[in-house]
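A.B. asks: Below are the chains, spelled out letter by letter.
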Amino acid sequence: MERVSLERKVLSENERIAAGLRARFAEHHVLSLNLISSPGSGKTSLLERTLESFDPQDRVAVLTGDIQTENDAKRLARFGFPVKQITTGGTCHLDARMIERALADWRLEELDLLFIENVGNLVCPSSYDLGEAAKIVVLSVTEGEDKPLKYPSIFFKSNLLVLNKIDLLPYVPFDIAAAEDNARHIHRDIDIVRLSCQTLEGLGAWLAWLDGNRQRSRAAAS
Amino acid sequence: MHEMGIANSVLDAVRKESRRFPESHVCKVVVRIGELAGVDPEAVDFCFEALVRGTSWEPLELEIEFCPRRYRCCSCGHSYAAQNDVSACPACGGTESQFSGGDELELAYLEVENGAGLTGT
Numbered sequence: 008m009e010r011v012s013l014e015r016k017v018l019s020e021n022e023r024i025a026a027g028l029r030a031r032f033a034e035h036h037v038l039s040l041n042l043i044s045s046p047g048s049g050k051t052s053l054l055e056r057t058l059e060s061f062d063p064q065d066r067v068a069v070l071t072g073d074i075q076t077e078n079d080a081k082r083l084a085r086f087g088f089p090v091k092q093i094t095t096g097g098t099c100h101l102d103a104r105m106i107e108r109a110l111a112d113w114r115l116e117e118l119d120l121l122f123i124e125n126v127g128n129l130v131c132p133s134s135y136d137l138g139e140a141a142k143i144v145v146l147s148v149t150e151g152e153d154k155p156l157k158y159p160s161i162f163f164k165s166n167l168l169v170l171n172k173i174d175l176l177p178y179v180p181f182d183i184a185a186a187e188d189n190a191r192h193i194h195r196d197i198d199i200v201r202l203s204c205q206t207l208e209g210l211g212a213w214l215a216w217l218d219g220n221r222q223r224s225r226a227a228a229s
Numbered sequence: 617m618h619e620m621g622i623a624n625s626v627l628d629a630v631r632k633e634s635r636r637f638p639e640s641h642v643c644k645v646v647v648r649i650g651e652l653a654g655v656d657p658e659a660v661d662f663c664f665e666a667l668v669r670g671t672s673w674e675p676l677e678l679e680i681e682f683c684p685r686r687y688r689c690c691s692c693g694h695s696y697a698a699q700n701d702v703s704a705c706p707a708c709g710g711t712e713s714q715f716s717g718g719d720e721l722e723l724a725y726l727e728v729e730n731g732a733g734l735t736g737t
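In order, the protein sequences belong to chains A and B. Okay, so the first sequence: first residue is 8 according to the numbering used here, each after it adds one. Okay, so the second sequence: first residue is 617 according to the numbering used here, each after it adds one.
The shape of chain B in the complex, shown without the other chains (with noise of 0.2 Å):
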C-alpha cells in the first residue's frame, strides 16, 4: 500500500503550483494512472479525499485518468488498447506491435477558479 504517499505527492504538487496562483482556488487536479503503473487508482483517490478532509484544500477533487495498456500494430498502425487474453491487432490481426503506454503515473492539470480568494496552506 503506497498509494497515500502517491496521493501525498500530487497534494505536495498541488501546494507548490498554487502558490503561483495566490488569488485563484484550485478546484480540480488531474492525474493519469496507467494500467501498468503499479498504482490501485480507487485507493489513490480515497487518501487523497482522506488527505484533505478537514483542511483549507477542500473541496478539492481528484480526477483520476485510467490509461490501459496499448499498442500500435506493426502492420497496419492500428493504435488498441490491449486485453489480457487477447494480443493480435483487432484491426487486421496483425502479432507484432510496439508498446505504446499505460505505465503512465502523471499529474496532467490543474483546474482553477480565479478571484476567489486564497488556496489552502
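Bound-form chain A, shown alone (with noise of 0.2 Å):
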C-alpha cells in the first residue's frame, strides 16, 4: 500500500474561480460584500433599508440568490440600482461560478459597491468562497441565542453580525447579550451592530460600518 499525498483544498475549483473575482473586485476597486442568513432574518430587508438611504448616484449593486422565484430582485429594484437575481434551482447556496456569470454583462468599473444576497442558509454558503471582501451573517431575534454555538463556521468566517428585529424584543425569550457572547466566543474580533429595519434603530450603526469599509477599500485602491 502507498500513500499519495493530496493536500490541496476539497474545493479548490471554487477557491480558484473565487481568487479570481477576488483579483477583479480589486482591480476595479469594488468593495464586495456578502450576506448570511436563515429564511427569513431579514437580509432582504437590510438591503432595501441600506439601499434607500444611497444617494441615486452611489455606485451599487446587489445580486440576489435563491431556490426559486424573483421576488426578492423585485422588492430591491425599486431602489434604481442594478439588481440582478441568481435563482439556483434548488441549490442551497450560491457559488462563485454563478457570481462570475451572474457578473458577466456588467461592468465592474461602473461600481463600488456589490452586496452579495446569499440562499437563506446558515450552513452551505459559509463553505463557499465568492471572492468577496467580508461576509456578514444576520441572525434574528426571532431565533435562538445559542446559533452561533450551533453553526459556528458561519460566525467564525464573518466580519460582521448583524442582530436584526430588536424591535421584537420585548415580545421575545432572546438573550440579547448572550447571543453576542456567543458569537464572540467563536469570533472573538467580530463586530456587531444591533438593528431593526422597521424601527430603522441602529441603521446608522451599519451604515457607518459600511462606510468605514468603503473608505478602507478606496484608500487600499489609491
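These are calculated hints, taken from the structure and not from any lab test. Nothing false has been slipped in among the hints.
Not everything, but these chain A residues come out facing chain B in the computed CB check (under 8 Å):
| no. | residue |
| --- | --- |
| 1 | 16 |
| 2 | 17 |
| 3 | 133 |
| 4 | 163 |
Each residue gets a CB set at the ideal place from its N, CA and C atoms; glycine is no exception.
Please dock the two separately framed chains into a single complex, following the hints provided.
C.D. replies: If you want it as C-alpha cells, here you go:
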C-alpha cells in the first residue's frame, strides 16, 4: 500500500474562481459583501433600508440568490440600482461560478459596492468563497441566541454580525447579551450591530460600518 | 445540504489523481473536515458511499479526519481543542489565545495498491 499526498482544498475549483473574482474586485476597487443568514432573518429588508438611504448616484449593485422566484430582485430593483436575481434551482448556496456568470454583463468599473445576498441558509454558504471582501451574518431575535454555537462556521468566517429585528425584543425570550457572547466565543473580533429594519434603530451604526469599509477599500485602491 | 457536492469534489479529485497511477487501485481517500468547515462529516460519508456504490470505484473507502476547533494559548503556548462552554487555556488558565485550526476542508492523501489493475473510470 502506498500513500499519495494530496494536500489541497476539497473545493479547489471554487477557490480558484473566487480568487479570480477577488482579483477583479480589487482591480476595479469594488467592495463586495456576502450576506448570509437563515431564511427570514431579514437580509432583503436590510438591503431595502440600505439602498433607500443611498444617493441615487451611488455606484452600488446587488446580486440576490434564491432557490426559486424573482421576488427579492423585484423588491430591491425599486431603488434604481442594478439588481440581478440568481435562481439556483435547488442549490442551497451560491458558489463562485454563479457570481462569475451573473457579473458577465456588468461593468465592474462602474461600481464601488456590490452586495451579494446569499440563499437563506446558515450552513452551506459558509463553505463557498465568492471572492467577497467580507461575509456578514444576519441573526434575528426570533431565532435562538445559541445559533453561533450551533452554526460556528459562519460566525467564525463573518466580519460582522447584524442582530436584526430588535424591535421584537420585548415580545420574545431572546437574550441578546448571550447571543453576542456566543458569537464572540466563536469569533473574538467579530463586529456587532443591533438593528431594526422597522424602527430603523441601529441603521446608522450599520451604515457607518459600511462607510468605514468603503473608505478602507478606496484607500487601499489609491 | 451541500455534502453531495463536497463528496463529488472528493471523488473528482480521486478520479484526476488516479490517472497518474493507471496500474494501481485507489483503496482509500482521506479528507480532513474541521468543526468550523460548515460540513457534516456523516452526510459526506453517506453521499460518498452513494456515489461509489455500483461503480468500478468500489470498494473505495472514504476516511474522514475530524478536526476540532483549536487554539494556542498566548501565555504558555499550549495548544488545545476548544469547548463551547470553556474558553480559558486548560494548562495555565490564560484567556488570551490565537485560533490555530478547525476550519479545514482538505484532501489529505490517497492510499493506492500497486499492480491491482486499472482504477475506475
